[in-house]
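Asker: First to last, the protein sequences are chains A and U.
Counting with the numbering used here, you get residues 1 to 323 for the letters of the first sequence.
Counting with the numbering used here, you get residues 1 to 246 for the letters of the second sequence.
No lab work stands behind these hints: they were computed from the structure.
Note that the structure is a prediction, hence the values are computed from the model and not measured.
Each hint should be verified, as a subset may be incorrect.
Below, simulated DSBU-like cross-link-like pairs (lysine-lysine); rule was C-alpha separation at most 30 Å, straight line [said to hold, decoys possible]:
| no. | chain 1 | residue 1 | chain 2 | residue 2 |
| --- | --- | --- | --- | --- |
| 1 | A | 110 | U | 2 |
| 2 | A | 282 | U | 16 |
| 3 | U | 213 | A | 282 |
| 4 | U | 143 | A | 214 |
| 5 | A | 129 | U | 213 |
| 6 | A | 185 | U | 2 |
| 7 | A | 162 | A | 59 |
| 8 | A | 214 | U | 233 |
| 9 | U | 106 | A | 69 |
| 10 | A | 185 | A | 110 |
| 11 | U | 106 | A | 110 |
| 12 | A | 282 | U | 233 |
| 13 | A | 13 | U | 143 |
| 14 | A | 110 | A | 85 |
| 15 | A | 297 | U | 16 |
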Amino acid sequence: MSVLVYIENTEGKFKKSGFEVLSYAKTIANQLNTNLIALSIGNVADDDLKSLGNYGADKVLTVNHQNLKSFVNQAYSAIIAQAAKNSDASVVVLSNSFTGKGLAPRIAVKLQAGLADGAISLPDMADGKFIVKNNVFSSKAIAFVEITSAIKVLALMPNAYKVVETGGQATVENFDYQANESDFKTIIKEIVKASDKVSLPDAEIVVSAGRGLKGPENWGMIEELAALLGAAVACSKPVSDAHWRPHEEHVGQTGITVSPNLYIAIGISGAIQHIAGVSSSKIIVVINSDANAPFFKVADYGIVGDAFELVPQLIAAVKALKS
Amino acid sequence: MKILVCISNVPDTTTKITFTDNNTQFNTQGVQYILNPYDEIALARAVELAENEQGTVTVLHVGDANADATLRKALAIGASDAVRINAQPTDAYFVASQIAAYAQDKGFDMILTGRESIDYNGTKVAAMLGEMLDIPSVSITKKITIEGNTGILEREIEGGKEVLAIPFPFVAGTAEGVADWKIPNMRGIMSARTKPLLVVEPIEVQGLSKIVKFESPASRTSVQLIDASEVGKLIDLLQSQGFLKN
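Just chain A, same shape as in the assembly (with noise of 0.2 Å):
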């Protein structure tokens, strides 16, 4: 028995997700008293993958191939499948990010296991059962997912788990897996990378604006901030629908969900549909005009007055602290 989590890299190095993951799957192989092996993809240097023993990995296989350079889905599910498969690996843990969400219900169904994706809570398996927590309903209540297979499949949702660095190296060995033609019909065009911002679904702090800032003209102060705070900028509904900004920023019901350790609101009166989107955010902050916008019920901080004098003081006053 074992516990397998798949480490994802960008252009070969491990991300802060990736180490949640691991840090994650850890405490779980400690409750069943097993190994755990870490799984990763691509072109990676070696002491990198040494280094994941430092989050808790007994051993790391790595794939490293011409074909896989690049993210193939149903490539990757069916290495990742047969690397569970060899370490009989009775959990399989991988971050719910944009590739996770892609690869995961994949790999569950390759290994008839229940998938639980979204995970925010560690697998409570008093009774012989296997309960793990995720958000429904747009974050406006949490579920209780009870796992009845026999392999259990987690996507860990990013900003969940705290990094724990345990000590320590990992060896590390070459994983042989049988690839197959028809796992390579998607070619890849072209990657568009949108620019060296943060990204919104793993920042840990969010800057988001909305209609209160009447123009896309006005967003330069509002990517200031974000970039002094280190934050990925974000927005509303009404503001990507009018193409003010491109619909990627869109947080909120029907745009992205994120939990970062701090939301900060400029100008968004906190619709339904937007609060459910960054509800799971750990510190709210508001900047509202209209004292009675209801997104300040939802809020940890609220400053009622005109954005377009406290943003540029807040920048002033994170640049004073900083210099």
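We have chain A already, so just place chain U on it with the hints.
Answerer: Here is chain U on its own, set in the frame of chain A:
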């Protein structure tokens, strides 16, 4: 070109979410059900593509007769025919198994779902279907166009997008941006009444997971208001909680 669009019937976005039976069942009392918004844009894009390519669009739902009004709405938006698999869904695996069993021998070129339903918020059915039918899947698709027998899809990735070329058949879960929501016109509403709605009995399959309990998220303590003349106070508070690193 034959397109299948899988739809769910979900509580309206403004629904107050409560539970009954000792927090084990969603309280459907007085709840207004709608076509899942992500499925609606999948349908809107399917109708646009079918118009260009002289194709057909079938909508499919796994559930009971309460969803028939939603299926009629999908027909009014422009689907050619509707199928309802008459079963109470237990989990995504159950639903995907039912859809796969139906779609298997129908020769669909493209199967669309919404990226997730706004009730249980899984992003599972599209990729499960792809695996069950052994065809490619894209779980979060921002754009779909067709070139001959190939779909050109844009997939959302962290910090950007990927443009993919995928030969028919494939499954795609659609996100915002794939199409604008379509409002059915009078002619659509009239013709929807006479379009076929086929009820199919389910196959036998066991779910692999179940929801055993619900709870409400912890409510936040009330907001601490800071005076607009004391912006620095907010920065101090955030710094004391470790948010502002040098």
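Asker: Hints broken by the structure, by number, lowest first?
Answerer: Hint 9 alone not satisfied by this model.
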